[in-house]
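Hey, can you work out the whole structure from these sequences and the hints?
Line by line, the protein sequences give chains E and W. Its first residue numbered 1, the first sequence is counted upward by one per residue in our numbering. Its first residue numbered 1001, the second sequence is counted upward by one per residue in our numbering.
Since the hints were derived computationally from the structure, they do not count as laboratory data. Keep in mind that this is a model prediction, so the values were computed, not measured. Just so it is clear, CB atoms sit at the ideal spot from N, CA and C, and this is done for glycine as well. You may find that some hints are simply not true.
Below are the DSSO-like pairs computed for lysine-lysine, each with C-alpha atoms no more than 30 Å apart in a straight line [stated by the list, open to error]:
no., chain 1, residue 1, chain 2, residue 2
1, W, K1003, E, K57
2, E, K3, E, K59
3, W, K1057, E, K71
Sample of chain W residues with no beta-carbon within 12 Å of chain E, all distances over it, derived [claimed, not checked]:
no., residue
4, V1004
5, S1007
6, R1014
7, T1015
8, G1016
9, R1044
10, K1053
11, Y1064
12, E1069
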Amino acid sequence: SQKIEQNSEALNIQEGKTATLTCNYTNYSPAYLQWYRQDPGRGPVFLLLIRENEKEKRKERLKVTFDTTLKQSLFHITASQPADSATYLCALERAGGSYIPTFGRGTSLIVHP
Amino acid sequence: DVKVTQSSRYLVKRTGEKVFLECVQDMDHENMFWYRQDPGLGLRLIYFSYDVKMKEKGDIPEGYSVSREKKERFSLILESASTNQTSMYLCASSWLDTQYFGPGTRLTVL
Chain E
1 SQKIEQNSEA LNIQEGKTAT LTCNYTNYSP AYLQWYRQDP GRGPVFLLLI
51 RENEKEKRKE RLKVTFDTTL KQSLFHITAS QPADSATYLC ALERAGGSYI
101 PTFGRGTSLI VHP
Chain W
1001 DVKVTQSSRY LVKRTGEKVF LECVQDMDHE NMFWYRQDPG LGLRLIYFSY
1051 DVKMKEKGDI PEGYSVSREK KERFSLILES ASTNQTSMYL CASSWLDTQY
1101 FGPGTRLTVL
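Dropping the structure here:
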């Protein structure tokens, strides 16, 4: 089965800086990778999806890269704000193209004013 | 906007009780899911459904069952609640690859 690694330690950064979160995976290469945001006590909210044939995707202050050789995705938030503080989950397609993702455990981001 | 609602935000039950968690989505999605989320373990898939009256086991189905009698509604049933089922339960529906989650139900089993 797919193993997904996200840094379990919280990432602390200053407001205005770029936050970079990492998602590494082992075994097979998924056809897509997603990032979700989760606030405490709430359900995850979909942010971005990137497919295996895409190197990079952007949405406003968010940027995601997908390196199938390194088996890694990087999630960037530029000009970070305290309101960006949350847990960010990486999710990968399961083997067999089932449209059911497997989720990483998430990394907590704390943006200090 | 897609809306997924769950019947309760917080629920406290006793060991051995039968527990029903309800989920409703308003976007006519065919796929619906139940997860539980625990600290350090992340999101784990319990059951999912591709269509009315259809269900498939996820990664941790033991101790749970589900029901999908209508397209918009997916219920999770704990036949006999146990303390190790204390958790945050999240329902989701999906369109293709994207999952839309409800607000979650924090269940405590005493």
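Hint-by-hint comparison with the structure:
1. W:K1003 x E:K57: Holds. W:K1003 to E:K57 sits at ~26 Å (cutoff 30 Å).
2. E:K3 x E:K59: holds (27 Å)
3. W:K1057 x E:K71: holds (28 Å)
4. V1004: violated (8 Å)
5. S1007: W:S1007 clear of chain E: closest Cβ-Cβ about 14 Å, beyond 12 Å.
6. R1014: For W:R1014, whose nearest Cβ neighbour in chain E is about 23 Å away, the distance exceeds 12 Å, so it holds.
7. T1015: Holds: least Cβ distance 24 Å, greater than 12 Å.
8. G1016: The claim stands: W:G1016 keeps its Cβ more than 12 Å from every Cβ of chain E (closest is about 27 Å).
9. R1044: Contrary to the label, W:R1044 does not stay out of reach of chain E, its closest Cβ about 8 Å off (not over 12 Å).
10. K1053: Since the minimum Cβ distance to chain E is about 19 Å, W:K1053 lies beyond 12 Å and the statement holds.
11. Y1064: holds (17 Å)
12. E1069: Holds: least Cβ distance 22 Å, greater than 12 Å.
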